[in-house]
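The whole structure should be built from the sequences, with the hints applied where relevant.
So the sequences go chain by chain: U and R. Residue numbers for the first sequence, in our numbering: 1 to 113. Residue numbers for the second sequence, in our numbering: 1 to 113.
If you're looking for bench data, these hints aren't it; they were derived computationally from the structure. Glycine residues also receive a C-beta, built at the ideal position from the N, C-alpha and C atoms.
With the Cβ distance kept under 7 Å, some of the chain U side facing chain R (calculated, not the full set): (1) 43; (2) 44; (3) 105; (4) 106.
Just the calculated beta-carbon pair ranges, DEER-fashion: (5) 53/R <-> 29/U: 26 to 32 Å; (6) 62/R <-> 81/U: 37 to 43 Å; (7) 101/R <-> 30/U: 17 to 23 Å; (8) 54/R <-> 3/U: 25 to 31 Å; (9) 56/U <-> 18/R: 44 to 50 Å; (10) 28/U <-> 38/R: 21 to 27 Å; (11) 111/R <-> 69/U: 41 to 47 Å.
Letter by letter, the chains look like this.
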Amino acid sequence: GNSVTQMEGPVTLSEEAFLTINCTYTATGYPSLFWYVQYPGEGLQLLLKATKADDKGSNKGFEATYRKETTSFHLEKGSVQVSDSAVYFCALIYNNAGNMLTFGGGTRLMVKP
Amino acid sequence: EAQVTQNPRYLITVTGKKLTVTCSQNMNHEYMSWYRQDPGLGLRQIYYSMNVEVTDKGDVPEGYKVSRKEKRNFPLILESPSPNQTSLYFCASSLTQGGTEAFFGQGTRLTVV
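In structure tokens, the structure reads:
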């Protein structure tokens with residue numbers, strides 16, 4: 001079946017550091033890929049997405065590129081802020097699975113001033 | 001404002017006492033689903049619904065029921081809650097087409113003692 005693996009946290013960085021959160025997936029065919037962010041006490045919000053190979057999703061300074069050859073969708077940001085502290089989830093939808101999102105385990109990011 | 005509303009936000013109950021968590025969306029989405037979030041496991045889908053009167057099991061349906069009598073509402077029912085159902089629950093909705101954004105409620109933290 002489909003699965004998503006992302007690096008375990010927590011990831012602790014100083015403000016303005018470079019961020020990478022790794023995400024790899026296993027799926028049949030060509031899923032759509034997502035990063036969701038969960039701020040403390042809130043639900044998940046879509047951060048960015050990519051629907052086909054080599055697409056790059058970007059939002060709020062975050063980027064991720066759909067790499068079919070390595071089945072990866074790593075999240076990056078060049079300069080993190082304290083306000084980026086949250087839990088980040090990588091996820092995929094394989095269309096034949098009825099729009100069901102398959103999530104990774106989540107990575108907690110803590111950014112210190 | 002487009003939103004998914006869950007109630008209650010917090011609930012403490014005793015083993016065996018039936019409870020219902022409500023979910024309502026105002027975006028006319030066909031697809032709705034319930035997830036539970038547990039540490040290290042990410043979010044796992046409990047049940048989903050493709051449209052009114054159409055529901056199906058997700059990855060972890062045991063001990064839960066759902067109904068979809070109206071397009072906007074998708075309640076989650078625990079007929080006889082047990083401590084292993086202590087978790088953080090999220091309702092989500094989206095259009096049916098694959099690759100579209102899912103909108104999440106703010107979550108319901110359930111504790112079963």
